[in-house]
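Per the numbering used here, the very first residue in the sequence shown carries number 234; after that it's consecutive.
Honestly, the hints are just simulated from the structure, not real lab data.
For clarity, every value in this text was computed on a predicted model and none was experimentally measured.
Ideal Cβ positions, reconstructed from N, Cα and C, are used throughout, including at glycine.
Ranges between beta-carbon positions, derived for each pair:
| id | residue 1 | residue 2 | range |
| --- | --- | --- | --- |
| 1 | S325 | N389 | 28 to 38 Å |
| 2 | A299 | M382 | 27 to 37 Å |
| 3 | E411 | N389 | 30 to 40 Å |
| 4 | L385 | E411 | 36 to 46 Å |
| 5 | N328 | Y381 | 35 to 45 Å |
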Amino acid sequence: MLWRSHIDDPTTPDRIVSRLRSLIIKDLPLPAHRPVLFFCIGTDRSTGDALGPLIGSRLMALGLDASYVWGTLDSPVHAANLHAAIDEAYSSFQNPYVIAVDACLGRLENVGMVTVSRGPLRPGTGVSKTLPPVGDIHVTGIVNVGGYMEYLVLQNTRLSVVIRMAEVISKALLQVAEEFRQTTEETDDDTSAVSPTCD
234 MLWRSHIDDP TTPDRIVSRL RSLIIKDLPL PAHRPVLFFC IGTDRSTGDA LGPLIGSRLM
294 ALGLDASYVW GTLDSPVHAA NLHAAIDEAY SSFQNPYVIA VDACLGRLEN VGMVTVSRGP
354 LRPGTGVSKT LPPVGDIHVT GIVNVGGYME YLVLQNTRLS VVIRMAEVIS KALLQVAEEF
414 RQTTEETDDD TSAVSPTCD
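Construct the complete structure from the given sequences, taking the supplied hints into account.
This is the structure we're talking about:
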């Protein structure tokens, strides 16, 4: 069953954190050994598709280290450079754990919903593009109605919806990032306190 929660629900940020935490913990018993990266996909040339870059920029404005954020308003990750961005990320970090974020289109009754799922994001599906899958888990925001003239729909999406959604998602992602940073530091401290033994 697809997990989702609406941005008008004040509990949504906490619910996103809880959902992400449950998925990540199942995948990462030792999170310190895999850096967590955020791939925020999209372009600011289209209002609806700007969700990812808005979230990336918001994460950096809130203090998240830029090296862990891929895709911002100033440096977006989109169809033209996605391959290169993935290659660069996996060259820069050893076996990273990637949380991919993107806008998507859906049914009218689901506009405003945030979804969180295990497995890679398949960007471009809604506009009939074939792009490489990315992410160990993915977060999507349903910004408008799909099914007809998707490019035009994305370009005519209400900015207020996208901004509100970006604020909700970035708040949750920042909390997850901080939790894993703290866990990493605690694990490093524990490791440094243990002397190796020789048989």
